[in-house]
Each structure stands twice: as structure tokens, then as C-alpha cells.
Amino acid sequence: MAYEKKKCWSILLRLYHWAFALSIVTLCITGFYINSPWTNSMTEGSASWPMAYMRFVHFVAGYVFTAAVLTRIFLYLFGNKQERILEHLPVTPRNIKNLFSTILQYSYIQDSHDPDRLGHNILAGITYVITIAAAVFQLASGFYMLFPEIAIWEKYGVMIFGSQQMARYIHHLLMWWFMIFAFIHVYLVIWNDVKQPEGLISSIFTGVKFTHKA
Amino acid sequence: MADTVNKTLDPHVNRRGFLKGCTMAAAALGLSESMVPKMVEAATSAQRPPVIWLHFQECTGCTETLLRGAHPDIAQLILDIISLDYHETIMAAAGYQAEQALHDSMEKNAGKYILVVEGGIPTALNGVYCKISGKTAMEMLEEVSSKAAAVIAYGTCATFGGVQAAKPNPTGAVGVDQLVHDKPIINISGCPPNPVNFLGTVLHYLTFQRLPAVDSLKRPKFAYGRRIHDHCERRAHFDEGRFVEQFGDEYHKLGYCLFKVGCKGPETFANCPVARFNEAGVWPVSVGHGCIGCTEPDFWDTMTPFYDRIPNVKIPGAGIVADADKIGTKVLGVTAAAVGIHAAVGIGKRLIKGKSDSDVG
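If you read the sequences in order, they're chains A and B. The numbering of the first sequence is our numbering, which starts it at 225 and goes up by one. The numbering of the second sequence is our numbering, which starts it at 86 and goes up by one.
Hints in this document: simulated from the structure, not taken from any laboratory.
Quick partial rundown of chain A residues pointing at chain B, CB under 10 Å, derived from the structure: (1) 271; (2) 273; (3) 400; (4) 403; (5) 412; (6) 419.
Calculated lysine-lysine pairs in the DSSO-like style (CA-CA distance at most 27 Å, straight line): (7) A:231 <-> A:305; (8) A:437 <-> A:305; (9) B:252 <-> A:379; (10) A:379 <-> B:306; (11) B:123 <-> B:105; (12) A:433 <-> A:230; (13) A:419 <-> A:437; (14) B:268 <-> A:379; (15) B:268 <-> B:193; (16) B:303 <-> A:379; (17) B:268 <-> B:216; (18) B:438 <-> A:419; (19) A:419 <-> B:434; (20) B:197 <-> B:306; (21) A:437 <-> A:231; (22) B:252 <-> B:411; (23) B:252 <-> B:303; (24) A:419 <-> A:305; (25) A:229 <-> A:419; (26) B:434 <-> A:321; (27) B:105 <-> B:306.
For each residue, glycine too, the CB sits at the ideal point set by N, CA and C.
Using the sequences provided together with the hints, build the complete structure.
Structure representation (C-alpha cells):
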């Protein structure tokens with residue numbers, strides 16, 4: 225059977241994806257350290273600065289994460305057809321149909337073939353939108369903790385979270401969402417690539433998917 | 086001319102103590118040395134602001150801290166700078182006379198007096214949980230605040246409800262700013278607050294004729310503008326990764342950072358490391374106990390467990406209260422199990438049906 229190459233993801237979306245993924249891994253590791261530092265400098269004057277370095281790396285990764293999230297929001301509005309938000313949410317009859325067929329496909333009940341859909345299925349789309357929303361809260365709580373004395377962050381931080389401690393708590397709980405999301409995401413990407421060979425995994429590097437020639 | 090020889094104030098306050106108190110307040114406010122004479126002048130002028138001090142749901146610890154300093158200077162100063170017309174703990178009058186003093190002061194100084202509130206105000210069942218002379222705390226607050234020039238909420242109970250507002254808050258306790266909306270309010274939080282912050286607020290008011298700048302929780306910025314963590318004497322140990330693992334261990338004796346035993350300094354705003362307490366130069370962290378975050382809203386709910394970093398996760402209905410990371414690890418484990426089962430079902434189905442994906446080219 226013949227396949228044809230189809231351009232699916234723009235370079236900006238691919239850059240966003242890898243900035244987002246790598247920053248999340250970095251943020252989780254350094255975040256765990258900051259919450260519960262597992263090293264203890266036994267020798268004084270050793271100048272190892274583990275906490276200072278971990279925080280520095282966490283903040284740099286935080287800025288990368290911020291840039292990634294802003295890029296994704298930009299692409300939701302101004303990206304190509306596959307990248308726009310209306311293609312991700314069950315807001316049209318076509319998308320609602322895809323949501324149900326995806327659930328049935330993931331439950332091994334029927335095979336799903338949606339030949340005119342090149343981008344995400346709707347189940348994935350909804351999850352990504354929720355993840356970006358969680359990321360916005362992660363940013364807000366993070367910057368509120370990083371700049372507690374800057375008037376604007378202080379004002380909105382108190383308004384949204386009430387106190388530094390609640391911001392810290394929500395920041396910590398949301399981290400678990402990202403870790404569980406990443407786990408399921410990687411599994412389902414592999415699963416989809418096995419079930420339906422369209423070059424899903426390579427598409428996030430090359431931007432190209434393969435579909436059957438009509 | 087500044088009365089530095091002290092002819093007008095209480096003779097128990099000597100000149101040295103008086104100037105020391107004014108200088109401390111100026112330092113707390115972040116004012117320059119040159120402002121001290123102006124402050125002295127304001128403190129000794131004839132216009133002493135009348136103050137009515139009300140106690141509601143509380144332990145009187147705020148007043149105790151004020152009165153029981155190692156040196157009496159600050160308390161004496163505060164009590165001399167202001168004209169304290171009504172204070173349930175320290176007034177000599179009782180019964181009818183006390184009520185009369187309150188009434189007289191309110192009438193005579195209507196629109197001019199400062200109301201200091203100590204303690205939370207219960208609002209459940211129309212406030213029956215706290216009654217003084219037949220009136221509920223809610224009624225008293227409404228009545229006395231209506232004629233006040235400004236309200237100072239003193240202590241975490243009066244500012245954010247305090248311990249009695251901890252979940253499930255059976256008496257519906259709230260802070261002053263939930264009930265009084267038409268007066269300027271200053272929140273001097275803390276359990277108890279540092280008397281220097283009260284002195285600073287009053288002296289600021291006397292010197293500049295206005296209340297100090299406040300943050301979005303109405304706390305004066307001079308005292309609550311910076312995080313404890315950023316001025317902590319143990320901060321270097323934090324950055325260097327030297328932590329107390331448990332109370333009494335070797336690292337505790339060496340004075341390392343208390344972060345891992347639950348110090349809430351990184352999320353608490355107050356000037357404790359700078360102003361310190363009781364003129365003895367101590368504060369909780371300096372004597373080896375972490376900050377418990379007592380100046381923050383809902384600290385009984387959000388800062389507990391006091392010896393852990395973040396609150397536990399409570400799952401309503403299930404009766405589960407556990408560490409966030411333990412629950413997170415369990416959820417991740419369940420996810421991994423679900424993923425395993427999902428993959429196994431797929432492989433099993435394929436084995437039963439044979440190679441079904443005929444389109445694999």
C-alpha cells in the first residue's frame with residue numbers, strides 16, 4: 225500500500241514540545257530536591273552549594289517552561305490547522321464523534337479510522353488543554369514564590385492562592401499531574417505508533433506524518 | 086522642642102529607655118536616624134491619640150507579650166504615647182464603671198479614637214459564642230468601630246481569625262476586616278505579634294499623621310514586607326545544603342538550617358529575624374525551632390503539620406489524610422498498573438485474533 229508524506233507539525237510546535245518536555249523533567253527533579261533536599265553537606269566550607277545550584281537550575285528551567293507554555297498558547301490561536309485549539313476540543317460534531325471513537329479504540333472495542341484527521345485525537349487534545357491550563361497555574365504559583373515582594377505578583381498571588389504556603393502546596397500537587405501525564409503520554413504514543421503506523425513518534429522530530437494515498 | 090529629658094511621660098521611663106524605644110521603632114520603620122528627634126517630638130506632644138482596646142475570642146497572649154517584655158520600656162512607651170481609655174486586661178475599673186469609661190470615650194472622642202482589636206470575632210448563630218456585658222462581639226465591634234478613626238487588628242486572631250478559625254471553624258470566627266468595611270484597617274498579625282510593630286505603627290501615625298503603607302493583606306510593609314527566609318541568620322546553611330535532619334541531632338547542635346524539620350520561614354512574611362523579641366535578641370529560629378508561619382492567613386490549616394514542609398492531602402469522604410508524595414507515588418503506581426493491563430489486553434487480543442492489523446504494510 226502506498227503512503228504519502230503530509231506536513232503536520234510546524235517547527236515552532238516541535239520546538240515547543242521539546243522545550244516543554246525537557247523543562248518538565250528538569251523541573252521535577254530539581255523541584256523534588258528543593259522540597260526535600262536529599263543531600264546534606266557534611267563538611268563545612270566545602271562550598272558545594274547544592275541548594276543554591278538546584279534552585280538556579282529550577283528557575284532557568286522555569287523560564288524555558290514559561291516560554292514553551294506561551295508558545296503553545298500562541299499556537300492554539302495562530303498555529304496551523306492541527307495546532308489550533310478548536311481542533312483539540314469536542315466543540316464540533318466531527319470532534320465529538322472522534323472523541324467517542326477514540327475511547328472505543330483505546331478500549332479495544334473497535335478500530336478507529338478518521339482519515340481526514342491529521343493531528344491529535346480529541347481525547348489527547350482535551351488532556352493537552354488541561355495540561356496547559358495546569359501549566360499556567362504552575363507558572364503563576366512559581367512566579368509568586370520567586371518574586372514574593374514584587375507588587376503585581378504579591379497582589380495576584382494573594383488573590384489566587386491566598387498565601388505563599390497555599391501556592392507552594394498547589395505547585396507541589398500539580399507537579400504530580402505532569403509526572404502522571406508524561407507517563408501515560410509516552411505509553412499511548414508508543415501504543416498508537418504500534419497500532420497505526422503513521423510515523424507518530426518521528427513526526428515530533430520531523431513534523432511529517434504518513435497517510436494512505438487515497 | 087523634643088522633650089528628651091522626659092517631663093511629660095511616666096517617670097518610670099528614663100530618658101535612655103525612651104530614646105531607645107523611639108530608635109527601635111524608627112529602625113523597624115526603616116527611617117533614618119535624623120527622623121528620631123521628630124518621632125520623639127511626636128511621641129511627647131500633647132496630642133496623645135485616644136485608644137479603645139477590645140478583647141474577643143483569644144488567649145490575651147498579645148497583651149501579655151506587650152506587657153511582659155524583658156525590659157518594660159516598650160510597653161511603657163506604648164501605654165504612655167497613647168491615651169488608653171479602655172482595655173479589659175489592664176484597666177482598674179470593672180462592671181458599670183468600665184462600661185461608662187468605654188461609653189464616655191466613644192462620645193468624647195467620636196471620630197478621633199483608634200480602635201485596637203485583639204481576638205477573632207465569632208459570627209455563627211449571630212455571634213453568641215463570645216459575649217461581653219450582654220453584647221456579642223459582633224455588636225460591640227460594629228458599635229465601637231462606627232465612631233473610630235482607624236482600626237488596628239492586633240494579632241492573628243483579630244487579623245485572620247486565628248486558632249478558632251481553624252477548620253472546621255465551629256464558631257464561624259473571622260478577622261476584623263471581614264466585618265468592618267468603612268474604616269482604615271491595619272493588620273498587625275502574629276501569634277503573638279512583636280510589640281515593636283505596634284509601636285512603629287502608632288509612632289508612624291503620630292509622626293506623619295497617616296497610617297503606614299500596607300500589603301494586600303493590610304499588614305504594614307515596614308514589618309511584613311519581607312520574607313523571614315531572606316533575612317534569616319541560618320540562610321547560608323540553606324544555600325549550602327546543610328540541614329537539621331531531626332531535632333537534637335548533630336546538625337541541630339551545629340545550628341544548621343531548619344528547613345527539613347518544617348521551618349515555614351520561606352513562606353512567611355515578618356520582621357522577626359530583624360526586630361527579634363523581648364529585647365533579648367532572640368526569635369524562634371535563633372533558639373533552634375523552625376518558624377510556624379504565625380503571621381500568615383489560616384496558618385493553623387496551611388502551616389500544619391508544623392514539622393513537615395507542606396500540608397497533608399485530605400480526601401473528603403474517604404477519611405484519608407496522607408503525605409502528598411505518598412499519595413502521588415500511589416497514584417503513579419496505579420497508573421503504571423493500568424498501563425500494564427492495557428498493554429497486556431492489546432497483546433492478548435492480538436494473540437487470540439492473529440495478526441489483525443492487515444494494513445501494516
